[in-house]
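Trainee: Using the sequences and the accompanying hints, generate a full structural model.
Here the protein sequences come in this chain order: P and Y.
Each residue of the first sequence is one higher than the one before, counting from 1 in the numbering used here.
Each residue of the second sequence is one higher than the one before, counting from 1 in the numbering used here.
Please note: incorrect hints may appear among the correct ones.
As the list claims (entries may be wrong) - FRET-style restraints, in silico, Cβ to Cβ:
1) Y:Gly264 to P:Arg142: 57 to 63 Å
2) Y:Arg295 to P:Gln237: 44 to 50 Å
3) P:Gly236 to Y:Ala186: 32 to 38 Å
Derived by calculation from the structure, the hints in this document are not laboratory data.
Yeah, the Cβ is synthetic: ideal placement off N, Cα and C, and Gly gets one too.
Protein chains: 2
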Amino acid sequence: MIPPREAVGQRSETVRRANLSAILRELHVRGPLSRSDLVALTGLTRSAIRGLIGELVAGALVREERNEPAGTPGRPSPLARPDAEATLVLAIEINVDSLAAAAVGLGGIVHELVRVDRPRAHLSLDEIVSDVVDLVAPMRSRLPLEETLVGVGVAVAGVVRRTDGLVRLAPNLGWQDAPLGSRLSAALGLAAPLHVANESDLGGLAEHRRGVAVGVDAMLYVMGEVGVGGNLVVDGQPVVGAAGYAGEIGHLPVNPAGGRCGCGSFGCWETEIGERAMLVHAGRPAAGGREAVARLLEAAAAGEPEALAGLAHVGNWLGIGLAGLINVLNPSLVVLGGLFERIHPFVADQLADVIERRALPASRELVAIVPGTMGVDGPLLGAAEHAFEPVLADPAARLAVIRARRPALASA
Amino acid sequence: MIPPREAVGQRSETVRRANLSAILRELHVRGPLSRSDLVALTGLTRSAIRGLIGELVAGALVREERNEPAGTPGRPSPLARPDAEATLVLAIEINVDSLAAAAVGLGGIVHELVRVDRPRAHLSLDEIVSDVVDLVAPMRSRLPLEETLVGVGVAVAGVVRRTDGLVRLAPNLGWQDAPLGSRLSAALGLAAPLHVANESDLGGLAEHRRGVAVGVDAMLYVMGEVGVGGNLVVDGQPVVGAAGYAGEIGHLPVNPAGGRCGCGSFGCWETEIGERAMLVHAGRPAAGGREAVARLLEAAAAGEPEALAGLAHVGNWLGIGLAGLINVLNPSLVVLGGLFERIHPFVADQLADVIERRALPASRELVAIVPGTMGVDGPLLGAAEHAFEPVLADPAARLAVIRARRPALASA
Chain P
1 MIPPREAVGQ RSETVRRANL SAILRELHVR GPLSRSDLVA LTGLTRSAIR
51 GLIGELVAGA LVREERNEPA GTPGRPSPLA RPDAEATLVL AIEINVDSLA
101 AAAVGLGGIV HELVRVDRPR AHLSLDEIVS DVVDLVAPMR SRLPLEETLV
151 GVGVAVAGVV RRTDGLVRLA PNLGWQDAPL GSRLSAALGL AAPLHVANES
201 DLGGLAEHRR GVAVGVDAML YVMGEVGVGG NLVVDGQPVV GAAGYAGEIG
251 HLPVNPAGGR CGCGSFGCWE TEIGERAMLV HAGRPAAGGR EAVARLLEAA
301 AAGEPEALAG LAHVGNWLGI GLAGLINVLN PSLVVLGGLF ERIHPFVADQ
351 LADVIERRAL PASRELVAIV PGTMGVDGPL LGAAEHAFEP VLADPAARLA
401 VIRARRPALA SA
Chain Y
1 MIPPREAVGQ RSETVRRANL SAILRELHVR GPLSRSDLVA LTGLTRSAIR
51 GLIGELVAGA LVREERNEPA GTPGRPSPLA RPDAEATLVL AIEINVDSLA
101 AAAVGLGGIV HELVRVDRPR AHLSLDEIVS DVVDLVAPMR SRLPLEETLV
151 GVGVAVAGVV RRTDGLVRLA PNLGWQDAPL GSRLSAALGL AAPLHVANES
201 DLGGLAEHRR GVAVGVDAML YVMGEVGVGG NLVVDGQPVV GAAGYAGEIG
251 HLPVNPAGGR CGCGSFGCWE TEIGERAMLV HAGRPAAGGR EAVARLLEAA
301 AAGEPEALAG LAHVGNWLGI GLAGLINVLN PSLVVLGGLF ERIHPFVADQ
351 LADVIERRAL PASRELVAIV PGTMGVDGPL LGAAEHAFEP VLADPAARLA
401 VIRARRPALA SA
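Mentor: Below you can see the structure in the form of structure tokens.
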């Protein structure tokens, strides 16, 4: 017999939890809404909305305030807003060039954000963990995280096992099987759960939750820096795969005559469209780093042929790989992040041309290719969204925690 | 403001419909179940199960029968089974080598199945539609389809727009923008809705619903014949993309020095692993067809070096492309269908070797690569599953139809 999965029927308690989740998610993504808005969005009755909002208010997840009447007659519907002061996450990003941290309130309100450059040296896991602890220390002293923190989200430039935050491979950090999740969790000593994920996955999540891809059911996010990664959205949900490794589009084999890749294979897409390939094909040293890329883009803007040749190489191969992924996934939107967000103005026409020649007409006619809108902080803000996810999926669990902490409100 | 999607809250009527669907789906996939089984599988109460089964029985979707007591004390729990006689679909397959049709009852019971070879000539849409009508005529005369038919599913070797069954491209049938759905629907003159989809998508659906991939959350199905296609399963659901075109993995660009592809591009995966490539690399004419493939496999089994070289070429490139897709999707299971199901014994070791060298360890360690189990009828049986889907997703709509037809049961 086929083994049972999670119970598939819906009982009244399941329904209550699902409806709490639906309301909180709408508020988190859309911002303040009136009860009438929520009736329209959820299809629930006004009295059900009132009861559920009452529970969310008692759990410090939502505040209700009088809605200023806009010249319309009748009693104004109170406005519910996510409580950004009472429910917070910490977001952390470990990438090749910098470390960053942010404290973000429910509803996506960024209370604090700090980013520090770091050299592209291979630092040990211990060193990085220590640097991260130092980076978030000032926030911890300023914010009442003991009471308000519901999660810690971590973005890292590597292949991450979702269950425990083990970094299986991060060639550009020099890590293999590095237990980032457990070590960082222990070093921070915070009670809230810590969730590590790949930076491209989280860059995609940020664009899907807060950026250019809000509400898109079928999205492909492609992010390049030194490495190349991506994120797929299917039926409105991010694809994680069997263990969280999905989206490693930088390691599609595109060129049997291509160069050695950091992953151990060769001819991967990353070897043709990553930062190093762009620099080399522009006649620059491969290891020039972020500064060299910035100067290359300036030179390209000034019309330097070598710089333009480097961009053209990347544009051509970016188009070839995108054509393939458009055929595989039939997305309605492709979002270019990181390096590809920055070079988009230079390669947009070329991309369109290559995709016109290489992708199936049925699929390419339906897809728009756009630069992202989140800039350098995309993965960090995606890490915040990732850390909110358990609370959004089941606010009832958080309500129980708050009730236990504040017995006076238990009967509210 | 972000536009509202479908209402996200759950009201009691939504819950009833969802629970009817959950029960019917369990019965359809698993076969006969006792009420106790259904309590365990759904998490619903026994009285809720009793009421919902009563509705499904009144709607001719389920029959209940006495469960033979197996020596255990107490009153035996009645056994519910999908009513394969009262609820049927027609399945039709149009592929390059043959036409096929089947009448399939709820629960996946095949009442009739017929397949006829056809020459690999390009036939017009009119000719194919006429042949299909002739093929299903005997079934229509034998079966009471007026009362029992709930859908018609059609598998076709082409890129299909799901909304209306327009075949955007079918190079191996010689079609472009062929309105198969509307023409076949009119020619058959059946009241039940007709759903057309790509044959690889439906081959994957059959393996996921009835074959080797039942219950798998993250699957990649790869099917080759003349063309190469596939089907992705994410979070247990088939990926269709923005319009139904997802899964065209045969058109991943893998070789910049590769040959012209039927899609208009070049160096697509299909040009390296499709039937023609296999024949050519075995020193045979590309257009030899199914017979030539059968003889090639016999020759390979007898150790003929040229035949083995053709298989080795396909095995190598199959491994390269699979490595990339394993990196992109992190599936737990890869299922090889069609031609790849048949050649699996010859290429299994080579595939494992190439994937070992080319895929990320994190992802390849988690994936099993297996031949399919559905054989030539996979896409046809997948078409039947596809046609059942609307009834499984919302049995309440079917119940309303049956009640209107049989007013005596309206109060049952």
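Trainee: Now tell me if each hint is right for this structure.
Mentor: To see whether the hints hold, each was checked on the structure:
{"no.": "1", "hint": "Y:Gly264 to P:Arg142: 57 to 63 Å", "result": "holds, 59 Å"}
{"no.": "2", "hint": "Y:Arg295 to P:Gln237: 44 to 50 Å", "result": "holds, 47 Å"}
{"no.": "3", "hint": "P:Gly236 to Y:Ala186: 32 to 38 Å", "result": "holds, 35 Å"}
Every hint, counting from the list given before, is met by this structure.
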